[in-house]
Amino acid sequence: MTIFLLTLAFFLIVVVGMAVGYIFQQKSLAGSCGGLGSIGIDKECNCDNPCESRQERERKAAELKENSIDIKNI
72 MTIFLLTLAF FLIVVVGMAV GYIFQQKSLA GSCGGLGSIG IDKECNCDNP CESRQERERK
132 AAELKENSID IKNI
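Just so we're aligned: 110 in my numbering is position 39 of the sequence shown, and the numbers increase by one with no gaps anywhere.
Everything labelled a hint here was simulated from the structure, so no lab data went into it. Where is the CB? At the ideal position from N, CA and C, for every residue including glycine. A hint or two may mislead.
So the derived label-pair ranges between C-beta atoms look like this [to be verified]:
1) Ala133 - Thr78: 43 to 49 Å
2) Arg128 - Val87: 29 to 35 Å
3) Glu129 - Tyr93: 22 to 28 Å
4) Ala132 - Val87: 29 to 35 Å
Work the whole structure out from these sequences, hints included.
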């Protein structure tokens, strides 16, 4: 049982260490295979004019980004 607990503790320390390192890098998650971009599709919806709900989501996201405080510049 002690070997199991030592092994579990070791793996938890490794996972926490990787998580902390990833958080401090401040990178977004990305797939390793390239996703749709690897086959020439720029976005999941390949339409010229996105629907109203997507336009609303993009508008809200742009407002949030515009009104947010960038910690890197403080």
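Val87 and Ala132 - C-beta distance against the hinted 29 to 35 Å | holds, 31 Å
Check the following: the C-beta atoms of Glu129 and Tyr93 are separated by a distance inside 22 to 28 Å.
-> Since Glu129 and Tyr93 have Cβ atoms about 27 Å apart, the given range 22 to 28 Å holds.
Could you check the hint for me, namely that Arg128 and Val87 are 29 to 35 Å apart, CB to CB?
-> 33 Å Cβ-Cβ, so the 29 to 35 Å window holds.
For the pair Ala133 and Thr78, does the Cβ-Cβ distance stay inside 43 to 49 Å?
-> holds, 47 Å
Hint violations for this structure: none, all hints satisfied.
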